[in-house]
Amino acid sequence: MTSLTHEQAHELIQHPYLADDDRLALRRHLAQCGDCAAYAAFHLRLSRQLPQQPVRLQPTAAQRVAVLAAARPGRVSPDIPSPLMSFASLAAIMVLLVASWALFARDQRAGPSAQVDLLVSPVQAVTDPRGRVILDIVPAPSLAGNLIGEPLQQEVLIYLPPSYSTGNKRYPVVYALHHDGEIASPNLTGWLASTTRGAANVALRNGLSKEMILVVPKSSNALGLPNYFVTSPVIGDWQSYLAFDLVDYIDANYRTIPEAESRGVFGESAAGWAALQLGTTHRDRFSAVYLSGPLFLAPGALEHTDAMSERIRPAIEKLFSRADEWPANEAVNSMASEMRALSGRLTLYSTIGYGISLVPDPDGRPPYFEYPFTGSSDQPNAVIWQRWESGLGDVPGKIERARDGLEGLALAVSIYSDRRDPFDQPNEGPKYLSEQLDEAGIPHRYIELPSNLPMIRELAEQSLPFFSENLSFKP
Amino acid sequence: MEPDQLLRQGAADRQLLAESLLDHHFASVHRLALSIVRDEADADDIAQEAFITALRHIDRYDTGTSLKAWLSTITVNLCRDRLRRRKVRDKWHELWPGGRQTAESPVRGLEQRQLLDEATAALWAAVEALDEKHRLPVLLRYANGYSIREIADTLQLPEGTVHSRLHHACRRLGHILGRPDTAALVMELFND
Chain A
1 MTSLTHEQAH ELIQHPYLAD DDRLALRRHL AQCGDCAAYA AFHLRLSRQL
51 PQQPVRLQPT AAQRVAVLAA ARPGRVSPDI PSPLMSFASL AAIMVLLVAS
101 WALFARDQRA GPSAQVDLLV SPVQAVTDPR GRVILDIVPA PSLAGNLIGE
151 PLQQEVLIYL PPSYSTGNKR YPVVYALHHD GEIASPNLTG WLASTTRGAA
201 NVALRNGLSK EMILVVPKSS NALGLPNYFV TSPVIGDWQS YLAFDLVDYI
251 DANYRTIPEA ESRGVFGESA AGWAALQLGT THRDRFSAVY LSGPLFLAPG
301 ALEHTDAMSE RIRPAIEKLF SRADEWPANE AVNSMASEMR ALSGRLTLYS
351 TIGYGISLVP DPDGRPPYFE YPFTGSSDQP NAVIWQRWES GLGDVPGKIE
401 RARDGLEGLA LAVSIYSDRR DPFDQPNEGP KYLSEQLDEA GIPHRYIELP
451 SNLPMIRELA EQSLPFFSEN LSFKP
Chain B
1 MEPDQLLRQG AADRQLLAES LLDHHFASVH RLALSIVRDE ADADDIAQEA
51 FITALRHIDR YDTGTSLKAW LSTITVNLCR DRLRRRKVRD KWHELWPGGR
101 QTAESPVRGL EQRQLLDEAT AALWAAVEAL DEKHRLPVLL RYANGYSIRE
151 IADTLQLPEG TVHSRLHHAC RRLGHILGRP DTAALVMELF ND
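Taken in sequence, the protein lines are chains A and B.
For the first sequence, the numbering used here begins at 1 and goes up steadily by one.
For the second sequence, the numbering used here begins at 1 and goes up steadily by one.
Read the hints as simulated data drawn from the structure, not as lab findings.
Given the structure is predicted, the values throughout are model-derived calculations rather than measurements.
Label pairs and their computed distance ranges (CB to CB):
# : chain 1 : residue 1 : chain 2 : residue 2 : range
1 : B       : GLU128    : A       : ASN452    : 52 to 62 Å
2 : B       : GLN15     : A       : TRP191    : 18 to 28 Å
3 : B       : GLY145    : A       : LYS474    : 37 to 47 Å
4 : B       : ASN77     : A       : PRO51     : 18 to 28 Å
5 : B       : ARG60     : A       : ARG340    : 38 to 48 Å
Even glycine gets a Cβ: it sits at the ideal position worked out from N, Cα and C.
Chain A with its partners taken away, still in its complex shape:
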């Protein structure tokens, strides 16, 4: 192996992935070259500490108006002042600029009512027939204290219907909790954005649904695992974030009808229980819940899931033994790297996600959840097994405890026949839930769907119409 030049070392330091022999060559070089080692150290430090979350994700109404005005053919846009102006006239311009900036800034910083006024301006009366998907950042103080580095500013996709940008109308809101799909910020062509907007368009075009605002939180958590959206000391108090931080922010910044009769929750698969819990616990905030193929454990189902199978057990046991070696102040980073290395093993993601969300380690020890098998025996730990069962099992108990909240709640449950759930099992959960709801005398719509129906069609043909029928459109 020839040794590296300094330039080659610099390139490798900047390279995101190193092949084995490159890695070895670089290691040798850094062991001998203090200058390059210092460079590598700063590279790491900058990579960790400099990355910035975007602070403003969408233009303000005033900015959008100004840009669209510039896009009109024949309009003259303001010229950028030349830096070659003489000092004296530049000074005069500065006074004027500062004064007009102060006025402009005041307008910009006023609340939503100022934005509404600007939208009525005749300059921008552009209706996008497809509606608009934008990305916003929502303060999430409820998530404080979580153990996995979940940020206290959460990305959220927001779909605004076609007539939103013209006029002052207010709209009902559906909060959609998905199991999967990327927000892929700030590129808005990710699955969640295109599915949400596509479904809304199809529904509108075919007269299946009226215009509503759709709010879609990120479906994966800070570790890249599916977000089960429940409250856990490890992942954070997601129920409070959703019910309070998110709802209050959306009401404050968008033209919503801020009433329970005009708010619904959609929950898919692993996020099904969270959606039901959210709707039933906060009846003063929500009045309709739609569960798409929700994940629930029927009695005896846990032992047949992939999560407890001989395929998955060794991988989890290995994770536990590696976790023992993580230095305390690096545990979350180590966990994040481990999760990235899992790529492609879907049931592992679901299993670990379930663990940290629903069976968290009570002392917060890495890898942050409890698992019934420890490698020393084939027999599961009975107490931990029971905790796994209660996570998304004990459906009759859940229904009983939610009885007050289920009263008068508009509820729909769909099932995809013959489709496997995130634990790779035949999907029995929704059917079991519906049977238990019937037992308890809770009315609900039960919808059977073919296994190959894409989400965009369920949303357009079932979910959005359900909300359109059950939410109030009167402010």
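The hints should help you fit chain B onto chain A, whose structure is shown.
Just chain B now, kept in the frame of chain A:
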């Protein structure tokens, strides 16, 4: 639809193009501007100007090249102008102390949003102390996540020069902040 697609189709609908550009690029353009000028109000102005400029000169954009890099070049140039004017304005304020409007914090508005711990604040201060030639590649790479290729396209430099600027920047940071503990960090880089 993505702006690249619209442009390749030779879309005449400039409103649609404007909306698409804003939807896909506003956040990253604003973030880029903010990382350079470190002032929210200035970043807002620059982001708006960048899109207006891009739309006015859209015929100059070569659809075979990176749209992100083209928008970034426009943004970086606007930032440079703004920083130059700020130096002039600060100088003017020095000469006319009575004319000063308000005490302007260089990171106005940012404290609330980004609670920086001491170490990070020190790192940012050191980065800001770098001269523009070295500071820009660092900001593009680390604060905005640009690849070496994207930095090269944005600043219109060869990739080799980008590498050497980053390397020199880190050397300067070492002078300002002191040499890092390389042993521990190198172990981390290579510990499997």
